[in-house]
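Protein chains: 2
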Amino acid sequence: MIKGILFDLDDTLYNSSEFVEIARREAVKSMIDAGLNIDFEEAMNILNKIIKDKGSNYGKHFDDLVKAVLGRYDPKIITTGIITYHNVKFALLRPYPHTIKTLIELKAMGLKLGVITDGLTIKQWEKLIRLGIYPFFDDVITSEEFGLGKPHLEFFKYGLNRMGLKAEETIYVGDRIDKDIKPAKDLGMITVRILKGRYKDMEDDGYSDYTIKSLQELVDIVKELKNK
Amino acid sequence: MIKGILFDLDDTLYNSSEFVEIARREAVKSMIDAGLNIDFEEAMNILNKIIKDKGSNYGKHFDDLVKAVLGRYDPKIITTGIITYHNVKFALLRPYPHTIKTLIELKAMGLKLGVITDGLTIKQWEKLIRLGIYPFFDDVITSEEFGLGKPHLEFFKYGLNRMGLKAEETIYVGDRIDKDIKPAKDLGMITVRILKGRYKDMEDDGYSDYTIKSLQELVDIVKELKNK
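In order, the protein sequences belong to chains A and B. Under UniProt numbering, the very last position in the first sequence is 228; numbers go up by exactly one each time. Under UniProt numbering, the very last position in the second sequence is 228; numbers go up by exactly one each time.
Read the hints as simulated data drawn from the structure, not as lab findings. Treat the hints with care, as some may be off.
Where chains are identical, the list cannot tell them apart; a pair therefore holds if satisfied intra-copy or between any two copies.
[Unchecked claim] Result set (BS3-like, lysine-lysine): computed pairs, CA atoms no more than 25 Å apart in a straight line:
#  : residue 1 : residue 2
1  : K157      : K76
2  : K89       : K101
3  : K166      : K123
4  : K112      : K123
5  : K101      : K157
6  : K223      : K166
7  : K76       : K112
8  : K107      : K76
9  : K76       : K3
10 : K101      : K76
11 : K179      : K213
12 : K107      : K223
13 : K54       : K3
14 : K89       : K76
15 : K200      : K123
Bound-form chain A, shown alone (with noise of 0.2 Å):
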């Protein structure tokens, strides 16, 4: 019996890996245009490096690239990347098609709804509220507030606690096979992989029970499972 379904954030309710990638590019060009004397993809190659040595959630990847690029510490040109790509962040946050749809009709099916994501845990709190779906989640679980994240197992089993649920009673929906598909599938969920971002040709090993390309999919999977 179906009880309830968690669901990974990005790149699974939103189409994070695009709009992130496009807010950069448009940063960097407002960086060269503020005085980042540079061309534009070497400015690219350096940003990406940074991000890839320090981690998506470092606070200071503009400031590395002024300083790599420079030799020196400008607030003008960091402060205008700042704005410029928070700018782009909000008008391109929008849900994948559908999902509003989705999300009315699961709840309508008496179904507990949960979001469990990597990050910080007002970054990813932001999000839910911009893109207007938070009203819709029982409960929201991030790694910031259990200290480890995913594919760790204590996680999600730390998200079904939180949630009331047991695993063989719960849906978990995700975008990665590696970090949410098969911690999941090895708990016991019914494993959704929805085929978004940039993991979408991951080899899937046989961990997702289903395979969807939009998560309208979803409302018969769960009719399919509670006529079981």
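Here the structure of chain A is known, so what remains is to put chain B in place on it, guided by the hints.
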């Protein structure tokens, strides 16, 4: 011979007191709507006490408010407050009337213009960029960069140094007697007090060489001083 002007930022070039107050009130209203179960005026009293105790650059005002009211951390309510605060802030952030016209005229008179301000470098730069006035300033000097703020004379000396100006050839424009006008006068600058913001009724004690109600009066003051 007047060669340059140093400006304070908050409440001198734009209406800081008013816009921060409105943004905070709207943020608290949105937090109450998101589940902060408390009377609005009571919430404002708690928030104002937190701001007074921790300072305006403390990053966790809303966290502390939620903790004080609910006895727990609630990221949904905190993030709702942060988003509303920033949305309102950006919507209200505009220079005082006549500011841009005045800055154009002052640059046309061949003056060096600078900003010297207490606060975090990126936050103060963000205001100048969003206000659209940063290209007028040859330099922006913040207390975070120097490590010591107003009214320390060393900070003002450091600012003059960065601008390549001597005190006696520099006009200082600010709204506060204690933190702006007195130290500038003590260093030998020509002091212009602008009657704006929450300190406009503060006793002068003779530290201001000029008192203005609008920035545009500066143009005549510079003309008068140039003729001396």
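Status of each hint after checking the structure:
1. When the C-alpha separation of K157 and K76 is checked against a cutoff of 25 Å, the pair qualifies only between copies, where the shortest distance is 22 Å, while the shortest distance within a copy is 45 Å.
2. Proximity of K89 to K101 under the C-alpha cut-off of 25 Å is restricted to the intra-copy arrangement: shortest distance 23 Å within a copy versus 32 Å between copies.
3. Within a single copy, K166 and K123 get their C-alpha atoms no closer than 28 Å, and across copies no closer than 46 Å, so neither meets the 25 Å cut-off.
4. In this assembly of identical chains, the alpha carbons of K112 and K123 lie at most 25 Å apart only when taken from the same copy (23 Å versus 41 Å across copies).
5. Taking the shortest Cα distances, K101 and K157 never come within 25 Å of each other, neither inside one copy (28 Å) nor across copies (62 Å).
6. For the identical chains of this complex, K223 and K166 are intra-copy neighbours only, at 19 Å inside a copy versus 79 Å across copies, given an alpha-carbon limit of 25 Å.
7. Within a single copy, K76 and K112 get their C-alpha atoms only as close as 47 Å, which misses the 25 Å cut-off; across copies the closest is 18 Å, which meets it.
8. Taking the closest pair of Cα atoms, K107 and K76 come within 25 Å of each other only across two copies (20 Å); inside a single copy the shortest separation is 47 Å, beyond that limit.
9. For the homomeric pair K76 and K3, the shortest alpha-carbon distance between copies (24 Å) is at most 25 Å, but the shortest distance inside one copy (52 Å) is not.
10. In the homo-oligomer, the alpha carbons of K101 and K76 lie at most 25 Å apart only across protomers (22 Å), although the nearest pairing inside one protomer, at 43 Å, exceeds that limit.
11. In this assembly of identical chains, K179 and K213 lie within 25 Å of each other by CA distance solely inside one copy; the values are 19 Å within and 61 Å between copies.
12. Proximity of K107 to K223 under the C-alpha cut-off of 25 Å is restricted to the intra-copy arrangement: shortest distance 13 Å within a copy versus 70 Å between copies.
13. In the homo-oligomer, the alpha carbons of K54 and K3 never lie at most 25 Å apart, since the shortest distance is 39 Å inside one protomer and 45 Å across protomers.
14. When the C-alpha separation of K89 and K76 is checked against a cutoff of 25 Å, the pair qualifies both within a copy, at 20 Å, and between copies, at 20 Å.
15. Only within a single protomer do K200 and K123 lie at most 25 Å apart by alpha-carbon distance; the minimum there is 24 Å, versus 39 Å between protomers.
Of the numbered hints stated above, those contradicted by the structure are hints 3, 5, 13, listed in ascending order.
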